[in-house]
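Here the protein sequences line up with chains A and B, keeping their order.
According to our numbering, the stretch in the first sequence is residues 90 to 393, in order.
According to our numbering, the stretch in the second sequence is residues 5 to 295, in order.
No lab work stands behind these hints: they were computed from the structure.
Errors might be hidden in some of the hints.
[What the hints assert, rightly or not] From the structure, some residues in chain A lie toward chain B, with a derived Cβ separation under 7 Å:
(1) Leu150
(2) Pro153
(3) Pro155
(4) Gly156
(5) Asn159
(6) Leu162
(7) Val169
(8) Ala173
(9) Gly191
(10) Leu306
(11) Leu309
(12) Val327
What you are looking at is a predicted structure, and each value in this text was computed from that prediction instead of being measured.
Where is the CB? At the ideal position from N, CA and C, for every residue including glycine.
Below are the chains, spelled out letter by letter.
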Amino acid sequence: MIVTRRLTKRFAAVLAVDAVDLDVRAGDRYGLLGPNGSGKTTLARMLLGLVYATSGEIEVLGKPVPGKINQVLPQVGALVEEPAAYPHLSGRANLRLFDAAGPGGSRRTRRQRIDDALAQVGLEGIDRRPVKAYSLGMRQRLGLAAALVRRPRLLVLDEPGNGLDPRGIRDFRQLLADLNAAGTTIFLSSHLLSEVELLCTRVGVLDRGRLVLQQDLAELQAPTGRIIVQTPDAARAVALLDGRVEARDGARLVVRHDDPAALNARLVADGVRVSEMTVHRRTLEEVVLDVTSAGSDQVGGTRQ
Amino acid sequence: MITVELFKLVRRPRTWISIALLCALPVGVAIFIAVTHLAPPPGQGAAFLSAVVQDGSLYPAAALALVLPVFLPVAVALVAGDSIAGEATAGTLRYLLVRPVGRTRLLLAKLVAVAAFVLLAVVAVTLTSYITGVALFGSAPPAALGRPGSLQAGIPTGGVQAGTSATSLSGASLTLTQLVERVAGAVALITVSMLGVAAIALFLSTVTDSVLGAAFGALAALVGSEVLVTLNAAAAIQPYLPTRYWLSWIDFFRQPIFWREIQRGFGIQAMYVAVFLAAAWANFSTKDVTT
């Protein structure tokens, strides 16, 4: 769906994107994470032909970008940073205008497609109010509707959750999951770890323009080979498990072990009461903080 | 995309407000003159103003002379300066481009929309001032040869100034058909001159994301050109200045028409349009859109 090879973008002295090899497969829900200023937006803009690469190659939907951009973009829906619309026109008029502006949207199906897109984002009841009277959340929904009007195969969303309230964010996540289930590939960039963790199946992490990690979320969150045990009989458990306890914090033990069922059976057989047992997995936050440095909006002296 | 741009132009309140203001100035001037009968003496004040008291049908020419130096260029520079920079500031530029709208096509559509605005504005000023002129000053001097029938449209132009309905700057009278032809010629030259302004503003609009920057940049170029036009020391470059032949449309109202400067006017504006459009295209089609 999206493949980049050694993709690099330099703005004057700043290397915004540095030799990125992105690989988004068909059907993915790909989350691109990274601190502010790590190059997420620049990367998304390059995929859409808005910003031209300094070097490297981009392939979207199997075609080179920006070479065959006019064949690619009609099948791509995009939301880049904030949504934008003509403020003195109504939401519907805006969608009509954007759809009519480029090739790929049949005039015959336009009304139906606009109605469908508005219904998908929960704006089916909008009236003729101009967009300037919309709330931030409504604008965000309208922006997403504009991305959906063409019924795209690929959605490129840059920071899409901004401006939505918690319910809006949940609706939005559900909508993206439904679209993905119906076959739409989703590429989403965000600095909201929790959103990506809840929605995505695959993550990439950008740090200072470099793609420092790209992996399936399930692999990243695979069991670490440790089990966390809560027990009132902590001292006996430590004695019983011998050298396998890595850490003890009161009633909480971190045990190096692969099989929680076997561990539980062994503890209980020896009369150690177990009040709680969890397979340890790394959170996405731990993974990301591990591989990234401080964001570029943090200005301080570098300590070595 | 051209249809979309024209739709946006038509649906934008600013378009109609600026055209209304452009039309209001000559109407206001006409009312003052009609009430006071204090037209500037011949050879002073704005062109044609002294003549219109005699003949209201010449008022479109006077009206164009009133709006041409400042108001028309300001309106055109704003509309053209807004074309790309305005979309960039509003954030709609990136959404148009990912539609996808090709960059060349977008630039072309913007140019067509600006040209439509220019033509609309010039024609609106011409029509409203004609109506105002005829209503306030009458359409022919009472003391003239006085042939009421000569005002009907469709008089054959074959005869040498057979019907007198307007007076040219050279004193000879013009038939209605001749007048219409000459006003049309003036409208054409002014439109092309404004397209020159529009091309400069459009180019600047692709360079900066600030609408005011682009509009004022274009106006600064015009003011600079006006300064140099009156400067003897700059005589060497004067034939190439954008405003050098701006007033040559007045030559349409001479008898016979004085073609030399009119042709140069068209030529120089065509050159400016070509050069700045090429620059705008070269800049915009390779530009990183980061807004």
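Verification of the hints:
For the restraint placing A:Leu150 at the interface with chain B, the shortest Cβ-Cβ distance is roughly 13 Å, beyond the 7 Å limit, so the hint is violated. Here the hint on A:Pro153 is broken, as its CB sits about 15 Å from the closest CB of chain B, past 7 Å. At a threshold of 7 Å, the smallest CB-CB gap from A:Pro155 to chain B is about 10 Å, leaving the interface hint violated. Proximity of A:Gly156 to chain B is violated relative to the hint, the smallest CB-CB distance being about 13 Å (cut-off 7 Å).
For the restraint placing A:Asn159 at the interface with chain B, the shortest Cβ-Cβ distance is roughly 6 Å, inside the 7 Å limit, so the hint holds. Against a cut-off of 7 Å between C-beta atoms, the interface hint on A:Leu162 holds, since the closest Cβ of chain B lies about 4 Å away. Because the smallest distance between the Cβ of A:Val169 and any Cβ of chain B comes to about 5 Å, under 7 Å, the interface hint for this residue holds. Residue-level restraint check for A:Ala173 holds (minimum Cβ-Cβ distance to chain B is 3 Å; threshold 7 Å).
With 7 Å as the threshold, the beta carbon of A:Gly191 comes within range of chain B, its nearest partner Cβ sitting at about 3 Å, so the hint holds. For A:Leu306, the shortest C-beta to C-beta distance to chain B is roughly 27 Å, which exceeds 7 Å, and the interface hint is violated. Taking 7 Å as the C-beta contact cut-off toward chain B, the hint placing A:Leu309 at the interface is violated, the least distance being around 31 Å. Annotation: interface hint on A:Val327 violated; nearest CB of chain B at approximately 58 Å, more than 7 Å.
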